[in-house]
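In order, the protein sequences belong to chains Y and H. For the first sequence, the positions run 1 to 121 when our numbering is used. For the second sequence, the positions run 1 to 417 when our numbering is used.
No lab work stands behind these hints, which were simulated from the structure alone. Note that the coordinates shown come from a computational prediction; the quantities given were computed from them, not determined experimentally. Hints are not guaranteed to be accurate.
As the list claims (entries may be wrong) - Computed list of chain H residues with no C-beta within reach of chain Y, every gap over 12 angstroms:
1) Gly42
2) Ser51
3) Gly59
4) Thr63
5) Gly64
6) Tyr67
7) Arg70
8) Arg173
9) Lys235
10) Gly277
11) Ser351
12) Arg382
13) Asn410
14) Lys415
As the list claims (entries may be wrong) - Now the stretches of chain Y that chain H is said to cover, found in silico as 3 or more residues with beta-carbon under 8 angstroms:
15) 44-55
16) 76-89
Yeah, the Cβ is synthetic: ideal placement off N, Cα and C, and Gly gets one too.
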Amino acid sequence: MVEEKIVCIGCPLGCETTLKMDDQGEVVKITGTKCKEGRKYVLEEHRSPVRVFTATVLTQNSVRPLLPVRTNRPLLKTQLKEAAKVLSKVKVQPPLRMGQIILPNLMNIGVDVVATDDLVL
Amino acid sequence: MKFSEVDVAVIGSGPAGMAAAIKAREEGAEHVLILERQEQLGGLLHQCVHSGFGLLYFGQDLTGPEYAHRFIEKVRDLGIEILLETMVTQLSGDRKLTAINRYEGMIHLHPKSVVLAMGCRERSRGQLSIPGTRPAGIFTAGTAQRLVNVEGFIPGKKVVILGSGDIGMIMARRLTLEGVEVKAVIEILPYVGGLIRNEVQCLHDFDIPLLLEHTVTQIHGEQRVEAVTIAKVDKHKRPIDGTEQVVECDTLLLSVGLIPENELSRMAGITLDPLIGGPLVDERRETSVPGVFAGGNVVHVHDIVDDVSWEAEIAGSWAAKFSQKGDLERKEKITLKPGRNIRSIVPQTISGQSDVTFYIRVKEMEEKVQLKVGDLYQRSFRVAKPSEMIKVDLPVKELKKLDGRESELNVECEKGE
């Protein structure tokens with residue numbers, strides 16, 4: 001049987017939980033949770049752990065050296081480092097508005113990178 | 001606007017200052033003025049490019065700049081006056097303000113009321129007394145955050161982070177994603193200083209070692225940091241002989257706590273809470289000086305920005321009323337007494353005549369507790385932790401149960417079932 005340990009972030013308690021999977025990868029047992037929401041969270045975190053991805057990109061012809069950005073949808077936990085690598089090579093120019101797409105279809109996964117601030121000058 | 005006509009002056013334009021100014025304007029104060037020392041509104045939000053802001057206030061997961069943006073637009077829509085690159089240098093006990101900038105020179109103001117929203121500062125190496133040399137490469141986590149997220153510099157290649165505050169953990173993730181090797185996060189306490197979600201998403205996600213009950217006992221290097229010595233500590237936080245190990249690094253980040261920034265408050269003769277470092281306030285967030293209100297991290301350091309803005313709105317609202325009426329109705333105040341396992345309570349006094357929002361911090365982590373505010377309020381918690389502040393809203397009708405003779409109200413965390 002395969003095990004996975006997940007810390008629940010649903011509340012300050014931070015329960016350390018253990019999921020047990022059968023040979024088909026189905027979760028058969030969850031231990032360590034203390035509430036229903038916790039069980040829901042750890043199941044979700046087990047199936048597809050996603051994270052909001054934020055970063056900065058370099059600018060050109062701007063008084064500001066950097067522009068903060070984010071993806072318009074969360075990424076899988078395993079995609080974060082690759083996303084950071086891709087964005088380290090991106091350069092943007094003013095004018096840009098908050099919410100504007102600065103890089104469409106990041107890593108061909110159908111997620112866009114958008115500006116989280118205006119870049120006026 | 002003539003400066004002589006200011007109704008409410010707000011010092012600082014971070015998440016507290018902007019929220020206070022907006023509220024004051026919405027509550028009818030005509031001339032609201034924000035004084036901000038940086039070149040833009042928003043304070044520290046601009047360097048907090050990560051998300052997690054506004055989940056409670058807006059019901060949306062925003063980054064720092066996005067959170068700031070929403071308030072900035074409202075400030076502009078409401079016609080709130082703004083002085084940027086303007087440093088307030090003096091505040092007196094009769095609400096006279098002196099500020100300075102390179103356009104107007106010295107500015108003298110006598111606003112009808114004032115909101116303090118200066119936020120807080122990071123504790124630095126000098127306040128920790130770490131032995132060793134004094135090389136380059138030692139930064140507070142917030143300074144590193146500014147360098148990396150705003151100015152575009154990476155502070156080093158191999159980093160050790162002392163303290164597990166939220167900014168430290170967030171920087172651990174940020175630096176890792178920028179290709180820096182984060183060797184470890186070192187925490188002297190047996191638990192993490194920041195929020196649990198940051199421990200999971202910033203440290204666990206990237207396999208960054210977290211060493212609890214450890215501290216840095218020595219910094220090595222002449223020109224630049226070359227290594228730090230770390231050691232395990234006993235329950236009195238004293239390093240244990242024989243547990244030392246040297247960790248090679250070129251940078252040490254400090255994420256060891258924040259202190260409310262109150263030079264101006266002291267100048268005005270405002271009484272400060274010796275434990276928290278911010279002004280003593282009542283439920284209106286009025287300080288000991290009539291007409292001077294305070295909200296956000298200048299009062300006490302919050303865990304999340306949403307609470308900073310909410311608290312500052314209380315200050316802004318009462319500052320507007322004060323500016324309209326010339327004073328507020330005053331009653332004998334009831335003092336909140338921290339009882340069992342309570343470290344701090346804000347506000348420290350209440351009048352019993354208006355709604356109260358309490359922010360309470362416990363001393364020690366405890367499971368299954370009952371929080372009690374006198375006989376007025378009680379709530380069960382699965383766990384109470386010093387790193388997660390408890391917010392309690394008590395509407396004025398609940399306070400009517402007070403018979404008017406109390407001068408003290410006990411707040412305590414009882415061990416429950």
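Comparing the hints with the structure gives:
1. The Cβ of glycine 42 of chain H sits about 9 angstroms from the closest Cβ of chain Y, inside the 12 angstroms cut-off, so the non-interface label is violated.
2. Under the 12 angstroms C-beta cut-off, the non-interface status given to serine 51 of chain H relative to chain Y is violated; the minimum distance is some 4 angstroms.
3. Listed as a non-interface residue, glycine 59 of chain H keeps its Cβ farther than 12 angstroms from every Cβ of chain Y; the least gap is roughly 15 angstroms.
4. The beta carbon of threonine 63 of chain H is not kept farther than 12 angstroms from every beta carbon of chain Y, the shortest such distance being approximately 5 angstroms.
5. Non-interface call for glycine 64 of chain H relative to chain Y: violated, since the shortest CB-CB distance, roughly 8 angstroms, does not exceed 12 angstroms.
6. Against the 12 angstroms criterion, tyrosine 67 of chain H falls within the reach of chain Y, whose nearest CB is about 10 angstroms from its own CB.
7. Residue-level check failed: arginine 70 of chain H sits 10 angstroms from the nearest beta carbon of chain Y, not beyond 12 angstroms.
8. Some Cβ of chain Y comes within 12 angstroms of the Cβ of arginine 173 of chain H; the nearest lies about 9 angstroms off, and the non-interface call is violated.
9. With a closest Cβ-Cβ approach of about 21 angstroms to chain Y, lysine 235 of chain H is found to remain outside the 12 angstroms limit, as its non-interface label requires.
10. The Cβ of glycine 277 of chain H lies farther than 12 angstroms from every Cβ of chain Y, with a closest approach of about 24 angstroms, so its non-interface assignment holds.
11. With 12 angstroms as the threshold on Cβ separation, the claim that serine 351 of chain H sits away from chain Y holds: the shortest Cβ distance comes to roughly 31 angstroms.
12. Not every CB of chain Y lies more than 12 angstroms from the CB of arginine 382 of chain H, the least distance being 6 angstroms, so the non-interface label is violated.
13. Under the 12 angstroms C-beta cut-off, the non-interface status given to asparagine 410 of chain H relative to chain Y holds; the minimum distance is some 24 angstroms.
14. Listed as a non-interface residue, lysine 415 of chain H keeps its Cβ farther than 12 angstroms from every Cβ of chain Y; the least gap is roughly 16 angstroms.
15. Here the stretch 44-55 of chain Y counts 4 residues with a CB under 8 angstroms from a CB of chain H, which clears the bar of 3, and the coverage holds.
16. Counting residues of the stretch 76-89 of chain Y whose beta-carbon sits less than 8 angstroms from any beta-carbon of chain H gives 5, enough to reach three: the coverage restraint holds.
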